[in-house]
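Start from the sequences and build out the full structure, keeping to the hints where you can.
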Amino acid sequence: MDLPHTAPLLEVKDLVVEFPSRRGVLRALDGVSFSVAAGEVLGVVGESGAGKSLTGASIIGLLEPPGRIASGGIWFDGQRIDNLDPEGLRRLRGRHIGAIFQDPLTSLNPLYSVGQQLVETIQAHLPVSAHEARERAVALLQETGIAAARERLDHYPHQFSGGMRQRVVIALALAAEPRLIVADEPTTALDVSVQAQIIGLLKRLCRERGAAVVLITHDMGVIAETCDRVAVMYAGRVAEIGPVDAIIHRSAHPYSAGLMASIPDIDGDDERLHQIDGSMPRLNAIPSGCAYHPRCAHALPRCTQQRPELQSVGQGLAACWLIDAAAPAHALVGAVQTRSERVAPLARAMAGVPAARSLVQANTAAAHSGPIAAPNTPISDTAGDVGQPDTSASAAGLQPTTPLVQVRDLARHFDVSAPWLNRVLERQPRQWLHAVDGVDFAIPRGQTMALVGESGCGKSTVARLLVGLYQPSRGQVQFDGQDAHAAFAGRDALALRRRIQMIFQDPYASLNPRWTVGDVVAEPLLEHGLAPSRAAAQDAVVGLLQSVGLGSADLGKYPHQFSGGQRQRISIARALATAPEFLVCDEPTSALDVSVQAQVLNLMGDLQRARGLTYLFISHNLAVVRHVSDQVGVMYLGRLVEVAPTRRLFAQPRHPYTRMLIDAIPRMRDHGRERTPVQGEVPNPLQPPTGCSFHPRCPWADARCRSERPVLQTIDGVQVACHAVQEGRPL
Amino acid sequence: MSQASPSAWARWWDSDLVHSFRHSPTAVVAALLALACVLAAVLAPWIAPHNPFDLATLELADSRLPPAWSAEGNPKYWLGTDDQGRDILSALMFGARISLLVGLSSVALSVLLGVSLGLWAGFWGGKWDALIMRTCDVMLSFPAILVALLIAGVGRALFPQAHEALAFGVLIASITLTGWVQYARTVRGSTLVERHKEYVQAARVTGVSPARIMRRHVLPNVMGPVLVLATIQVATAIITEATLSFLGVGAPPTSPSLGTLIRVGNDYLFSGEWWITIFPGLMLVLISLSVNLLGDWLRDALNPRLQ
Chain A
1 MDLPHTAPLL EVKDLVVEFP SRRGVLRALD GVSFSVAAGE VLGVVGESGA
51 GKSLTGASII GLLEPPGRIA SGGIWFDGQR IDNLDPEGLR RLRGRHIGAI
101 FQDPLTSLNP LYSVGQQLVE TIQAHLPVSA HEARERAVAL LQETGIAAAR
151 ERLDHYPHQF SGGMRQRVVI ALALAAEPRL IVADEPTTAL DVSVQAQIIG
201 LLKRLCRERG AAVVLITHDM GVIAETCDRV AVMYAGRVAE IGPVDAIIHR
251 SAHPYSAGLM ASIPDIDGDD ERLHQIDGSM PRLNAIPSGC AYHPRCAHAL
301 PRCTQQRPEL QSVGQGLAAC WLIDAAAPAH ALVGAVQTRS ERVAPLARAM
351 AGVPAARSLV QANTAAAHSG PIAAPNTPIS DTAGDVGQPD TSASAAGLQP
401 TTPLVQVRDL ARHFDVSAPW LNRVLERQPR QWLHAVDGVD FAIPRGQTMA
451 LVGESGCGKS TVARLLVGLY QPSRGQVQFD GQDAHAAFAG RDALALRRRI
501 QMIFQDPYAS LNPRWTVGDV VAEPLLEHGL APSRAAAQDA VVGLLQSVGL
551 GSADLGKYPH QFSGGQRQRI SIARALATAP EFLVCDEPTS ALDVSVQAQV
601 LNLMGDLQRA RGLTYLFISH NLAVVRHVSD QVGVMYLGRL VEVAPTRRLF
651 AQPRHPYTRM LIDAIPRMRD HGRERTPVQG EVPNPLQPPT GCSFHPRCPW
701 ADARCRSERP VLQTIDGVQV ACHAVQEGRP L
Chain B
1 MSQASPSAWA RWWDSDLVHS FRHSPTAVVA ALLALACVLA AVLAPWIAPH
51 NPFDLATLEL ADSRLPPAWS AEGNPKYWLG TDDQGRDILS ALMFGARISL
101 LVGLSSVALS VLLGVSLGLW AGFWGGKWDA LIMRTCDVML SFPAILVALL
151 IAGVGRALFP QAHEALAFGV LIASITLTGW VQYARTVRGS TLVERHKEYV
201 QAARVTGVSP ARIMRRHVLP NVMGPVLVLA TIQVATAIIT EATLSFLGVG
251 APPTSPSLGT LIRVGNDYLF SGEWWITIFP GLMLVLISLS VNLLGDWLRD
301 ALNPRLQ
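Read top to bottom, the protein sequences are chains A and B.
The letter at position 107 of the first sequence is residue 107 when you use this note's numbering, and the numbering goes up by one with no holes.
The letter at position 136 of the second sequence is residue 136 when you use this note's numbering, and the numbering goes up by one with no holes.
These aren't lab readings, by the way, just hints derived from the structure by calculation.
A portion of the hints provided could be inaccurate.
As the list claims (entries may be wrong) - Okay, the calculated bits of chain B under chain A, using three or more residues with CB under 8 Å as the criterion: (1) 193 to 201; (2) 204 to 210; (3) 213 to 224.
Unchecked claim - With the Cβ distance kept under 10 Å, some of the chain A side facing chain B (calculated, not the full set): (4) Glu18; (5) Arg464; (6) Arg497; (7) Met502; (8) Tyr508; (9) Ala509; (10) Asp586; (11) Arg648.
If you're wondering where the values come from, they're calculated on a predicted model, not measured in any experiment.
Every residue gets a Cβ at the ideal spot worked out from N, C-alpha and C, and that includes glycine.
Given below as structure tokens:
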């Protein structure tokens with residue numbers, strides 16, 4: 001190991017955590033070992049079900065019963081901590097080990113002010129007076145970057161925004177000056193720009209105090225920016241552990257290599273993401289030998305029988321038999337500079353595995369020949385012409401056909417006023433939330449348009465406006481030349497609904513838990529009269545399920561028997577049942593793991609090419625958007641600030657907000673790079689700033705920006721709504 | 001799938017709910033007791049030793065006999081007889097029949113009414129929600145027995161020569177109209193949550209009509225708490241009916257329910273003939289207790305947070 005001679009601060013040896021259940025004992029963690037030196041930042045990365053949160057919970061002693069530590073041990077500073085009595089644990093937590101959890105809203109007690117909670121923590125562990133504890137609390141809040149700390153000490157958690165709450169949680173964790181911090185997904189619930197600020201804060205504070213950090217997350221970009229070493233977990237075991245640079249660029253375990261390759265990279269430009277077929281095994285079905293061997297393209301016979309132990313390779317450790325065997329694990333995952341170079345050796349080696357793509361195309365062809373053919377859309381010549389940049393509707397002369405979807409001055413506001421009596425008695429004005437405030441764009445047939453923005457920017461509202469779930473307050477949506485909302489309200493609503501469908505974000509809530517999968521997919525067929533009865537629809541349903549990579553065996557199962565990625569496939573099958581032309585996808589992969597995300601995105605891409613679909617893709621993840629879309633619209637507080645073809649947007653972002661968004665994304669390549677994250681947070685949508693809504697956070701704002709609202713103008717083939725850009729000021 | 005999947009019966013037997021039932025002694029005992037009472041009531045015409053309503057079989061000489069195990073008891077009448085010579089055991093079984101009939105049908109009607117109104121209020125919101133919920137609030141501010149008495153009294157006043165069926169109708173109506181409120185509120189709350197879930201929105205995008213969404217999508221997902229409430233309310237309905245009968249406005253005297261029997265026996269309590277009122281009382285307690293315990297188990301078993 002490459003540790004200095006001093007003993008590690010935290011040492012975990014062969015930790016085994018079990019959950020007794022009525023169907024037997026489930027091993028959630030199976031022999032996890034790692035160590036953390038004082039002052040170092042260790043990242044623990046893995047997909048859902050890998051056991052990383054459980055590892056963090058075991059370290060702090062917050063394992064929920066019936067889970068228990070069955071064997072192995074945890075040592076902190078030389079002392080064993082996993083078998084402490086409650087009093088010992090109490091003295092350990094907070095003082096020596098601090099914790100930061102994912103959701104800042106539930107991490108703070110809503111009934112007590114922030115100051116009370118800070119003082120309580122400080123006084124519980126340090127022998128100071130109440131007054132001094134309060135002074136320390138103020139100092140802590142100032143350090144974490146909360147303005148007017150002394151006044152805000154008496155505010156309640158709900159009076160802080162999400163990012164500020166997480167700063168308070170960090171302050172709480174650091175209050176008693178612990179030497180180790182366990183951070184479980186500290187930035188997952190936050191916006192991208194806030195995420196960058198919080199990561200920077202955590203890094204700085206821990207470095208200043210010399211505190212070690214165990215950072216648990218599924219986001220490799222965050223790991224690349226903050227951590228010194230990283231442990232990759234799979235199915236309750238450590239697959240690989242080593243310096244961050246080595247794991248990202250020269251991983252020795254096929255799973256780590258596949259994971260790094262399937263992460264959409266903001267700088268890469270492959271159309272198709274590298275995907276690992278299959279999914280992480282469930283706790284009650286872990287394969288014998290190496291848990292990864294069913295998904296591994298290079299599995300040796302030994303891998304199915306004997307479980308590999310962590311062995312030294314390069315600067316770290318990996319649990320893989322390929323290292324032992326003279327089989328060229330290093331040649332497969334050799335040092336590479338670009339992601340495509342990284343993917344190529346793997347792709348060559350995997351040539352024997354039938355590509356999922358051809359399977360999908362074969363099944364799609366089979367589905368097309370079924371009784372429910374898709375005659376609506378001929379495969380137009382724009383389908384597959386992904387590189388065509390010009391999409392601005394205003395350049396009418398260049399556009400040979402009318403766009404499939406045309407949105408003009410679309411707006412939607414919600415009345416969020418207090419009830420009438422309160423308004424009368426307290427003399428409050430009516431309050432309107434302008435969720436969408438004048439949006440224009442056009443989507444040509446067969447292409448994908450992405451709408452990106454942070455939470456509260458209105459992109460989900462736009463999605464719902466386009467499918468008819470909301471009525472617009474102003475403006476028009478034209479679908480294939482006709483007014484969509486007039487059609488939705490008219491007698492032919494059903495015909496229009498057949499052509500427009502939607503895929504939702506949450507795979508767990510988008511399927512009725514009491515319906516079987518077969519019923520779920522058959523419902524649109526029955527509703528639109530495409531099949532006379534449930535029995536007659538069976539063939540079509542099976543065809544649809546096969547086109548998304550599932551099978552006839554899944555017809556009678558319930559949604560809870562499937563994983564998140566599979567549920568999303570079922571949603572896609574349901575959306576495709578009526579052979580629509582236009583699909584609105586509202587963050588379809590945000591709730592999925594990285595490797596599953598790659599599978600679903602590739603599937604959607606294949607279906608688009610095969611059926612000539614048009615997508616509107618809503619996302620907050622710019623890297624994903626880079627891979628799937630032809631043009632991108634950036635939204636901020638209900639308005640479009642920039643619309644451009646994808647490549648041009650990422651190569652040359654114009655609007656200051658776009659530039660900051662792109663800059664805020666943690667990059668895998670930028671290990672240890674210091675960035676200046678964007679200042680401030682998204683303002684309250686109920687009180688948007690006057691003029692350009694971005695001006696409080698924009699370093700180039702001037703008087704005109706504060707008073708006059710900019711309009712989208714086409715400059716050099718892209719549309720930008722920014723006075724500075726339009727005036728040609730140097731940025 | 002290489003292996004034959006287990007049959008529907010086997011899957012149900014292995015499901016979490018049935019497993020929890022099998023491993024809960026309280027639930028099993030309560031279920032057996034309730035089953036015994038129900039069977040006794042249902043099969044009363046065939047298995048009761050005597051027919052207490054056939055006046056020809058009554059012998060006045062046998063009246064007010066204590067239970068069979070005491071000194072002056074007669075083995076022909078296991079639990080003794082009342083003032084008219086009716087066998088208490090048989091009267092119990094027929095009485096339970098009436099009580100269960102009234103209890104189950106009033107709960108069924110309450111569920112129908114309450115769930116429909118709750119779904120409507122939760123799904124449409126706005127004025128409908130306000131109207132239905134305010135009605136619930138008003139109904140809840142009256143004691144249930146009072147309302148039932150009122151309705152029963154009005155019914156009797158309207159139909160003075162009410163024959164049996166109508167009297168039962170009024171009785172069931174009065175219990176129904178006081179019981180539907182809690183279902184409406186529970187279902188309305190659950191509907192408000194489910195309405196915003198994405199599978200409902202997906203159904204809207206597909207073009208499914210609101211009525212079908214309510215019936216086929218939302219209803220199966222909100223029925224869980226209703227089941228628990230209904231089970232416990234059967235016991236309450238039976239007791240309410242017994243109270244009304246005790247007060248004289250319930251079941252007609254020609255087909256006495258358990259409440260009527262208790263009332264009749266009450267007069268003889270202080271002359272030492274305790275068996276005429278105690279045994280019907282015990283039967284009532286047995287039914288209510290077993291049903292309540294079953295309802296408790298069901299509520300815990302269906303609560304995902306207690307797993």
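Structure-based check of each hint:
no. : hint       : result
1   : 193 to 201 : holds (count 4)
2   : 204 to 210 : holds (count 5)
3   : 213 to 224 : holds (count 3)
4   : Glu18      : violated (17 Å)
5   : Arg464     : holds (8 Å)
6   : Arg497     : holds (4 Å)
7   : Met502     : holds (5 Å)
8   : Tyr508     : holds (9 Å)
9   : Ala509     : holds (5 Å)
10  : Asp586     : holds (9 Å)
11  : Arg648     : violated (32 Å)
Hint violations for this structure: numbers 4, 11, all remaining hints satisfied.
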